[in-house]
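Chains as they are written, first to last, in this note's numbering: chain A, 44 to 362; chain B, 44 to 362; chain C, 44 to 362.
Possibly wrong hints are sitting among the right ones.
Here are the simulated lysine to any residue pairs, SDA-like style, with alpha carbons at most 20 Å apart [as the list claims (entries may be wrong)]:
hint	chain 1	residue 1	chain 2	residue 2
1	B	138	C	145
2	C	344	A	359
3	C	74	C	130
FYI, nobody ran anything at the bench for these hints, they're computed from the structure.
Listed below are the residues making up each chain.
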Amino acid sequence: MRLSDIAKQFDLELVGEDKEIHSLAALQDAKPDQLSFLENKKYLNALKKTQAGAVIVKKELLSLLPKGVSALISEEPYLTLAYISKLFAKEPMSKSGKEPQIGNNCTIAQNVSIGFNSVIGDNVTLMPGVVVGENVTIGDNTLVYPNVTIYRDCQIGKNCIIHAGTVIGSDGYGFAHTKDGRHVKIYQNGNVIIEDDVEIGANCAIDRAVFGSTIIKRGTKIDNLIQIGHNCIVGENVLMAGQSGLSGSTIVGKNVTIGGQAATAGHLTIGDYAVIAARGGVTKSIPGGKVYSGFPLMEHKQWLKLQALLARLLKRGNC
Amino acid sequence: MRLSDIAKQFDLELVGEDKEIHSLAALQDAKPDQLSFLENKKYLNALKKTQAGAVIVKKELLSLLPKGVSALISEEPYLTLAYISKLFAKEPMSKSGKEPQIGNNCTIAQNVSIGFNSVIGDNVTLMPGVVVGENVTIGDNTLVYPNVTIYRDCQIGKNCIIHAGTVIGSDGYGFAHTKDGRHVKIYQNGNVIIEDDVEIGANCAIDRAVFGSTIIKRGTKIDNLIQIGHNCIVGENVLMAGQSGLSGSTIVGKNVTIGGQAATAGHLTIGDYAVIAARGGVTKSIPGGKVYSGFPLMEHKQWLKLQALLARLLKRGNC
Amino acid sequence: MRLSDIAKQFDLELVGEDKEIHSLAALQDAKPDQLSFLENKKYLNALKKTQAGAVIVKKELLSLLPKGVSALISEEPYLTLAYISKLFAKEPMSKSGKEPQIGNNCTIAQNVSIGFNSVIGDNVTLMPGVVVGENVTIGDNTLVYPNVTIYRDCQIGKNCIIHAGTVIGSDGYGFAHTKDGRHVKIYQNGNVIIEDDVEIGANCAIDRAVFGSTIIKRGTKIDNLIQIGHNCIVGENVLMAGQSGLSGSTIVGKNVTIGGQAATAGHLTIGDYAVIAARGGVTKSIPGGKVYSGFPLMEHKQWLKLQALLARLLKRGNC
Numbered sequence: 044m045r046l047s048d049i050a051k052q053f054d055l056e057l058v059g060e061d062k063e064i065h066s067l068a069a070l071q072d073a074k075p076d077q078l079s080f081l082e083n084k085k086y087l088n089a090l091k092k093t094q095a096g097a098v099i100v101k102k103e104l105l106s107l108l109p110k111g112v113s114a115l116i117s118e119e120p121y122l123t124l125a126y127i128s129k130l131f132a133k134e135p136m137s138k139s140g141k142e143p144q145i146g147n148n149c150t151i152a153q154n155v156s157i158g159f160n161s162v163i164g165d166n167v168t169l170m171p172g173v174v175v176g177e178n179v180t181i182g183d184n185t186l187v188y189p190n191v192t193i194y195r196d197c198q199i200g201k202n203c204i205i206h207a208g209t210v211i212g213s214d215g216y217g218f219a220h221t222k223d224g225r226h227v228k229i230y231q232n233g234n235v236i237i238e239d240d241v242e243i244g245a246n247c248a249i250d251r252a253v254f255g256s257t258i259i260k261r262g263t264k265i266d267n268l269i270q271i272g273h274n275c276i277v278g279e280n281v282l283m284a285g286q287s288g289l290s291g292s293t294i295v296g297k298n299v300t301i302g303g304q305a306a307t308a309g310h311l312t313i314g315d316y317a318v319i320a321a322r323g324g325v326t327k328s329i330p331g332g333k334v335y336s337g338f339p340l341m342e343h344k345q346w347l348k349l350q351a352l353l354a355r356l357l358k359r360g361n362c
Numbered sequence: 044m045r046l047s048d049i050a051k052q053f054d055l056e057l058v059g060e061d062k063e064i065h066s067l068a069a070l071q072d073a074k075p076d077q078l079s080f081l082e083n084k085k086y087l088n089a090l091k092k093t094q095a096g097a098v099i100v101k102k103e104l105l106s107l108l109p110k111g112v113s114a115l116i117s118e119e120p121y122l123t124l125a126y127i128s129k130l131f132a133k134e135p136m137s138k139s140g141k142e143p144q145i146g147n148n149c150t151i152a153q154n155v156s157i158g159f160n161s162v163i164g165d166n167v168t169l170m171p172g173v174v175v176g177e178n179v180t181i182g183d184n185t186l187v188y189p190n191v192t193i194y195r196d197c198q199i200g201k202n203c204i205i206h207a208g209t210v211i212g213s214d215g216y217g218f219a220h221t222k223d224g225r226h227v228k229i230y231q232n233g234n235v236i237i238e239d240d241v242e243i244g245a246n247c248a249i250d251r252a253v254f255g256s257t258i259i260k261r262g263t264k265i266d267n268l269i270q271i272g273h274n275c276i277v278g279e280n281v282l283m284a285g286q287s288g289l290s291g292s293t294i295v296g297k298n299v300t301i302g303g304q305a306a307t308a309g310h311l312t313i314g315d316y317a318v319i320a321a322r323g324g325v326t327k328s329i330p331g332g333k334v335y336s337g338f339p340l341m342e343h344k345q346w347l348k349l350q351a352l353l354a355r356l357l358k359r360g361n362c
Numbered sequence: 044m045r046l047s048d049i050a051k052q053f054d055l056e057l058v059g060e061d062k063e064i065h066s067l068a069a070l071q072d073a074k075p076d077q078l079s080f081l082e083n084k085k086y087l088n089a090l091k092k093t094q095a096g097a098v099i100v101k102k103e104l105l106s107l108l109p110k111g112v113s114a115l116i117s118e119e120p121y122l123t124l125a126y127i128s129k130l131f132a133k134e135p136m137s138k139s140g141k142e143p144q145i146g147n148n149c150t151i152a153q154n155v156s157i158g159f160n161s162v163i164g165d166n167v168t169l170m171p172g173v174v175v176g177e178n179v180t181i182g183d184n185t186l187v188y189p190n191v192t193i194y195r196d197c198q199i200g201k202n203c204i205i206h207a208g209t210v211i212g213s214d215g216y217g218f219a220h221t222k223d224g225r226h227v228k229i230y231q232n233g234n235v236i237i238e239d240d241v242e243i244g245a246n247c248a249i250d251r252a253v254f255g256s257t258i259i260k261r262g263t264k265i266d267n268l269i270q271i272g273h274n275c276i277v278g279e280n281v282l283m284a285g286q287s288g289l290s291g292s293t294i295v296g297k298n299v300t301i302g303g304q305a306a307t308a309g310h311l312t313i314g315d316y317a318v319i320a321a322r323g324g325v326t327k328s329i330p331g332g333k334v335y336s337g338f339p340l341m342e343h344k345q346w347l348k349l350q351a352l353l354a355r356l357l358k359r360g361n362c
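Could you build the full structure based on these sequences and the hints that come with them?
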């Protein structure tokens with residue numbers, strides 16, 4: 044799509060060379076055929092170094108754009124991005140495409156749907172009611188229990204087990220807001236990548252990335268009713284217990300343990316081998332190798348001490 | 044159904060005129076062809092003004108009934124209501140009915156079921172495994188992802204997006220209790236109404252009303268794994284983040300934001316533009332326009348102050 | 044399977060008589076044709092009294108085995124159990140078997156799958172997209188809403204209602220851990236038993252037992268989005284509100300009430316008629332007949348007192 048066409052459609056000023064744009068990306072990842080945006084000034088450095096073909100920016104920031112990067116001028120770049128994102132959204136279901144390719148020795152039950160251009164490895168089992176969207180890959184020996192939904196473009200590794208009712212690749216929760224209080228969808232054009240040897244419990248929801256990929260790395264085991272927001276990266280051999288959740292863009296190190304009903308605030312990092320006890324609420328990045336509890340989160344031994352203090356307070360009945 | 048037949052079936056005394064009853068309703072909503080009940084004395088005023096055809100009440104309250112309103116006498120009106128509710132429950136699946144009506148330019152995938160008497164608008168996409176119960180309406184341009192279930196009698200607006208695995212119209216959690224500790228189902232004869240431009244994430248559960256409607260108003264965006272109890276009314280442009288929940292009969296004002304894993308106790312009102320932070324637990328009605336946190340809920344700045352005090356207490360190691 | 048074959052396959056020392064082993068079981072339940080294990084020394088008494096055919100144990104504990112009980116020697120018995128458990132896992136879907144038996148007057152909708160050897164009672168309704176695995180029994184008059192998945196070997200009683208999207212019999216979250224931080228699946232070879240008159244809400248996940256059964260007893264009513272871990276035993280007439288969860292091996296007494304988003308830590312007992320308020324976090328066994336709140340859990344009246352103290356502290360702004 045030509046930048047000039049986008050500019051025209053949304054009545055935006057185009058500064059710089061007209062270009063062919065193929066997709067959207069974050070500033071630090073964008074390539075010359077991609078369009079990016081800057082809303083939050085904490086990403087000014089990424090703006091100065093971006094390799095995007097064009098960026099949606101406020102007029103006052105034009106001078107910071109690297110040479111050769113075009114601009115679409117907007118006073119509300121995030122909202123403008125939201126409107127533009129729809130242009131790059133893929134159809135949920137195409138009308139035509141290449142028949143899916145099924146490996147050797149697979150068990151494909153009745154009432155299974157597999158979308159165009161998908162590739163299923165060897166020895167894969169897809170139980171009744173499984174829906175595999177188009178352009179999905181599923182690795183060898185993976186077992187998918189009934190009524191699982193895998194959205195288009197997602198990649199599932201080898202030797203994975205996905206329990207019934209789980210949803211992989213649903214849209215991340217991303218909206219820009221108008222001044223009059225409406226919420227405009229940012230189409231979620233990324234995907235989910237599940238690496239090898241991952242097990243995911245029943246009725247989980249793992250959202251696709253807005254751009255790029257939500258990633259669950261090799262050997263991670265996820266219990267039931269767990270939410271993983273868009274653009275999370277979950278390290279190798281992580282354990283997540285039932286009803287826990289990761290808000291968008293949480294980065295979880297390897298061998299982290301996350302207790303039941305624990306959650307994260309998103310846009311933060313959890314270091315390798317950290318343990319978050321049940322109900323822990325992670326509100327900022329934390330180093331690995333320690334045990335944490337509580338909300339707001341603290342080291343577990345501090346939390347125990349606090350509970351002991353409160354128990355004493357309660358016993359005395361007075362402060 | 045005749046009041047006298049109901050009275051006979053459950054061995055109840057009928058006081059006043061025998062009438063034809065078509066359905067059940069709350070005191071304040073009931074019409075002359077409806078049966079209502081009074082269990083909790085805080086609704087005595089509603090009893091005095093009811094336009095119900097008949098009311099299930101304790102004998103001692105008979106004198107408060109408006110003229111012309113009949114009564115079924117019960118020492119346990121709520122329990123009696125539960126038993127009677129079964130008489131008015133509709134079949135989950137009828138054996139016959141009018142073929143569903145599908146609009147122009149729809150994409151109805153394989154393995155989709157649509158019940159009798161349902162009406163699907165134009166440009167609607169129903170992906171594989173979607174189950175639309177009978178007497179459902181779905182508005183133009185709405186997109187329903189795989190394995191979604193919409194129970195009978197529900198109404199979905201235009202331009203909605205419903206993600207995979209979500210359930211709309213499941214029974215509210217309503218039971219009356221016998222003296223020996225059994226729980227008797229109150230059949231949930233209402234429905235769910237989703238207005239236009241609503242997006243609902245994956246694996247949510249939105250319960251139908253016991254009588255009347257659970258309503259999600261225009262422009263509201265709901266994340267994954269969210270529960271909305273029976274008879275909730277969620278205002279326009281509300282945001283609900285992942286794993287949050289509304290207990291039954293919660294009234295949420297417009298443009299309210301509800302954080303991840305936050306919840307409400309039910310039978311309360313949240314004012315317009317209120318913000319409930321993640322994990323907030325709303326236990327009573329709150330005015331709009333403020334930010335709240337914690338459980339029990341308080342204003343967010345109070346919560347921050349409390350956390351600072353506790354941190355100081357912990358540091359000192361003594362109260 | 045011969046003990047000697049298992050020993051050979053995993054390079055383990057077999058002490059005592061070679062035997063035919065049919066399945067795995069916990070020490071206190073194991074029979075002479077079953078293999079058990081001891082990892083945690085708090086079960087030494089169970090070891091001394093076990094009737095298992097053989098036990099996986101550390102060498103140093105050999106002398107504690109009852110006469111005639113064989114041993115497989117391992118320095119990591121739980122990890123060894125995990126590897127062995129795969130040998131006893133049943134196929135998720137068999138290639139052949141006895142056609143399912145359907146009772147009189149059932150309504151089996153389109154797109155329903157029923158596995159081999161399953162037995163469906165009279166007057167059962169299975170709505171579209173329901174998947175019943177093999178060797179399942181469903182009692183008379185039970186109603187299963189769309190897109191429910193019931194895994195193999197589970198038993199559902201009479202007069203039950205199971206709402207859409209719920210999963211019964213998914214694998215419990217059980218892993219043994221290698222020294223280098225990988226997680227080895229313990230195949231969950233047990234099942235789920237749902238007794239009569241149970242209602243389960245939408246999008247719940249009830250895990251099968253590792254050995255034996257997860258049991259939901261008669262008359263219990265479960266709301267939406269609830270997790271019940273492996274080997275839980277939920278008593279009669281229990282109420283569990285939305286988004287609550289039970290970790291593995293929780294024993295819940297009869298007529299217990301569990302509030303919304305409440306949870307348990309597992310391997311504990313809740314006494315009859317206990318009430319856990321919303322968000323309560325049960326971390327150890329508690330006697331019945333009382334009302335509890337908070338996390339860590341305390342008696343509700345204590346929790347109210349603590350909140351009052353904290354409110355006073357906050358008001359004073361100083362400790």
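Taking the hints in turn, this is what the structure says about them:
Our distance criterion of 20 Å between C-alpha atoms is met by residue 138 of chain B and residue 145 of chain C, whose separation comes to about 18 Å. Proposed proximity of residue 344 of chain C and residue 359 of chain A is supported: the alpha carbons are some 15 Å apart, at most 20 Å. Taking the CA atoms of residue 74 of chain C and residue 130 of chain C, the gap is near 18 Å; set against the 20 Å cutoff, the hint holds.
Taken one by one, the earlier hints all hold for this structure without exception.
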